[in-house]
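Chemist: The residues making up each chain are set out below.
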Amino acid sequence: MCLGIPGQIVDVVDHEHHIAKVDVSGVRRNVNVALLATGPDAVEVGDWVLIHVGFAMSKIDEEEALATREFLERLGNPYEQELDELRASSIE
Amino acid sequence: MKYVDEYRSPDVARRLADQIAGLVEPGRQYKLMEVCGGHTHTIYKHGVENLLPPAVDLIHGPGCPVCVIPMGRVDDAIALAERPNVIFTTFGDMMRVPGGNGSLLEAKARGADVRMVYSPLDALRIAREHPDHEVVFFAIGFETTTPSTALTLLRARSEGIRNFFVFANHVTIIPAIRAILASPDLRLDGFIGPGHVSTVIGTVPYRFIAQDHGKPLVVAGFEPLDVLQAAFMIMVQLAEGRAEVENQYSRVVREGGNERALEAIAETMEVRTTFEWRGLGFISQSALKLRDEFADWDAELRYDVPGVRVADPKACQCGEVLKGVIKPWECKVFGTACTPEKPIGTCMVSSEGACAAYYNYGRFSRRLETLAT
Ligand code: SF4
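From first to last, the protein sequence lines are chains A and B.
Letter by letter, the first sequence follows residues 1 to 92 in this note's numbering.
Letter by letter, the second sequence follows residues 93 to 465 in this note's numbering.
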C-alpha cells in the first residue's frame, strides 16, 4: 500500500466521478484521478501517473514513469504483490 | 562496494559515496534519519548503508504506517470484524499484524468476514454490492493514503451509501517528527524526508525542523540513488553550517503539495486530541478522525469499539527501533522468536518495517563492523 506505482491513462471511464482506466505493467484497472482533475497537473489519456491505493496522486513524465517501473520490477516481490492486489481491484 | 552494480548508474553512486565521505569532519559521527518506511526498504534492499562511510549512520524512523498501529487498535478492528453482518475490509498489509488477541488473518480463519482490498473504493463497491451488510473499512496510513479515504467518504455521501463505515486510523507525519525531535535519547543531524507523503503535504510543513531545530531535511525519491543524493545534500548543508528544507524529489513533489488532496482531507476529517502510536506512546494531535458531518459513516460512532489499551509485548523493542534508538538486530528476539512468518512486533510484518527489511535482505555488514571494532 505504500508503493507508488506508475500507470499510463488509457481511457476516461467516468467523467463525473473522475474514474480512468490505467495500464500498470500490463494490468489494466480503473483508478480515481480526481486529485489531478484540473490545474497545471491535470491529466488526460496518454499521461503517466503515480498511483496509491487506487488513486492517482501525481502526474509524472514518461521517463520518470519508466525508470520507476524498472526500479519496482527489480524490487521483485513487493511489486508483484502490489500488482496482484491491483488485479483483484475493480473500482467503479 | 559490492552492491554498487545494482544501481542504475553505478558511477554516479560511487561518486556520490566518495563525495559524502569527503564531507565527513574528522572525528564526527553523523546520524541521519530516514522517516519513511519506503526508504528503509530501499536502503536494505540495495545496501545503501554499505556505500556510506562508517561515520554516517542511517536511523530508521517511524514512517511505516502498518508498524505504528498499536495493538489495541488491531483488537478493535478484530472486534468490528467479528460482529455479525459486518464485512471488514483492509489493506493486505494489515492482515498479519498481531494485536493482543491475534491478527485479522486469524479472525478470518475463525470465521469473520475479513476481505483484503486494494483501495477504499473497492470497499465502497463491496458496500454497494451488499446492501444487506455493513461494510467497514480499516483506514490506515499517513498523508499518502488519507486523501483516498477522504475522497471515498465524499463519494459515499454523494451516492447516499449508508452501509459503509470508516474505522479511521490515519496518522500525520509532522507530530511524529516533533516527538522524535523531543526524544532525549536521540541526537539526529538531519532528516531524509518522505517522498509520497510530501506529494500531498508539500515541503512547507517541514520548515520548523530547519528553523526551530536547526536540522536539515531533504525530501527524497525511492531509488537508491535518490537516497544517496539526499544524504549528500544533507551532508553539504551540515558542512556549510546550513539548515534548510530541500527537495531532491522535485520531479514528483511540489512545494505546495496537492491542494485538492488537502481540501478533501480537511472537508472530511479533523485532528484527534491524541492518538497512540506503537512504540512511541501517545502523541497529541497526531491522528485524524471523521468530522461530525460524516458521523453517519464513522465506525467508531456506529459501533461500540472496545478501545482497550494493550501494552506492547515485553520482548518487542519496536518502539526503540521506530525511534531509531536501536537497530533491529539489537532486539533479542530478532530472527529467532520474531520472523516475518511469525512476527512478534509490527516492525517485522510489513516489508517496509525496519526489522523485516533487515531480515529479508540479511545485510549484517554493519553489525560485523561494529563487532570487529
Ligand atoms: S525483531 Fe520483532 S520483536 Fe524485535 S523489535 Fe523487531 S518486530 Fe519487535
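Derived by calculation from the structure, the hints in this document are not laboratory data.
Virtual Cβ for every residue (Gly too), placed ideally from N, Cα, C.
Check each hint, because a few of them may be wrong.
[Stated by the list, open to error] Taking lysine to any residue and the SDA-like style, the derived pairs with C-alpha atoms no more than 20 Å apart in a straight line are: (1) A/K21 / B/D281; (2) B/K434 / A/K21; (3) B/K137 / A/P78; (4) B/K137 / A/F71; (5) B/K137 / A/E73; (6) B/K123 / B/D281; (7) B/K200 / A/A88; (8) B/K137 / A/G76; (9) B/K137 / A/L75; (10) B/K406 / B/V425; (11) B/K137 / A/E70; (12) B/K200 / B/V397; (13) B/K137 / A/V10; (14) B/K200 / A/E85; (15) B/K434 / A/P78; (16) B/K123 / B/D103; (17) B/K137 / A/Q81; (18) A/K21 / B/R247.
[As the list claims (entries may be wrong)] Simulated DEER-style distance windows between Cβ atoms: (19) B/V104 / A/R87: 30 to 36 Å; (20) B/E433 / A/A88: 18 to 24 Å; (21) A/E62 / B/Q111: 25 to 31 Å; (22) B/D110 / A/A42: 29 to 35 Å; (23) B/K434 / A/E92: 37 to 43 Å; (24) B/T431 / A/Q81: 14 to 20 Å; (25) B/Q111 / A/A42: 35 to 41 Å; (26) A/H15 / B/I418: 51 to 57 Å; (27) B/E198 / A/A88: 17 to 23 Å.
Chemist: Hints first: check each against the structure and report whether it holds.
Modeler: Do the hints match the structure? See the list:
Between the alpha carbons of A/K21 and B/D281 the distance comes to roughly 44 Å, so the proposed pair goes past 20 Å and is violated. Annotation: proposed proximity of B/K434 to A/K21 is violated, straight-line Cα distance about 38 Å (limit 20 Å). The hinted pair formed by B/K137 and A/P78 meets the criterion: a straight-line CA distance of about 11 Å does not exceed 20 Å. Simply put, B/K137 and A/F71 have alpha-carbon atoms about 11 Å apart, close enough for the 20 Å limit, and the pair holds.
Note on B/K137 and A/E73: the hinted pairing holds, with a Cα-Cα distance of about 13 Å set against a maximum of 20 Å. As the CA atoms of B/K123 and B/D281 are separated by approximately 5 Å, the hinted pair is consistent with the 20 Å bound. Restraint check for B/K200 and A/A88: the C-alpha separation of about 18 Å stays at or below 20 Å, so the hint holds. Under the criterion of a C-alpha separation no larger than 20 Å, the hint pairing B/K137 with A/G76 is consistent with the structure, at around 10 Å.
With a C-alpha separation of about 8 Å, the suggested pair B/K137 and A/L75 falls inside the 20 Å cut-off, and the hint holds. Taken as a hint, the B/K406 and B/V425 pair is honoured in the structure, with Cα atoms around 11 Å apart against an allowance of 20 Å. Restraint check: the Cα-Cα separation between B/K137 and A/E70 comes to about 15 Å, which is no more than 20 Å; the hinted pair holds. For the hint pairing B/K200 with B/V397, the CA-to-CA distance comes to about 18 Å; that is within 20 Å, so the pair holds.
At most 20 Å may separate the alpha-carbon atoms for a hinted pair to count; B/K137 and A/V10 exceed this at roughly 32 Å. Using a Cα cut-off of 20 Å, the hinted pair B/K200 and A/E85 holds, with the two alpha carbons roughly 18 Å apart. Our distance criterion of 20 Å between C-alpha atoms is met by B/K434 and A/P78, whose separation comes to about 18 Å. The suggested pairing of B/K123 with B/D103 is violated, with an alpha-carbon distance near 25 Å, which exceeds 20 Å.
For a cut-off of 20 Å, the pair hint linking B/K137 to A/Q81 stands: about 16 Å separates their Cα positions. Restraint check for A/K21 and B/R247: satisfied, since their Cα atoms lie roughly 18 Å apart, inside the 20 Å limit. The hinted range of 30 to 36 Å is satisfied by B/V104 and A/R87, whose Cβ atoms lie roughly 35 Å apart. Look at B/E433 against A/A88: about 23 Å separates their beta carbons, and that is inside 18 to 24 Å.
Distance hint for A/E62 and B/Q111: a CB-CB separation of about 30 Å, consistent with the stated range 25 to 31 Å. One distance hint, 29 to 35 Å for the beta-carbon pair B/D110 and A/A42, is violated here, with the actual separation near 42 Å. Take B/K434 and A/E92: their Cβ atoms lie about 38 Å apart, and the range 37 to 43 Å holds. For B/T431 and A/Q81, the hinted distance range of 14 to 20 Å is satisfied, since their beta carbons lie about 18 Å from each other.
A C-beta distance of roughly 39 Å is found between B/Q111 and A/A42, which places it inside the suggested range of 35 to 41 Å. Distance hint check for A/H15 and B/I418: the Cβ-Cβ separation is about 52 Å, which falls inside the suggested range of 51 to 57 Å. At about 21 Å, the beta-carbon gap between B/E198 and A/A88 stays in the expected band of 17 to 23 Å.
Hint compliance for this structure: hints 1, 2, 13, 16 and 22 are broken, all remaining hints hold.
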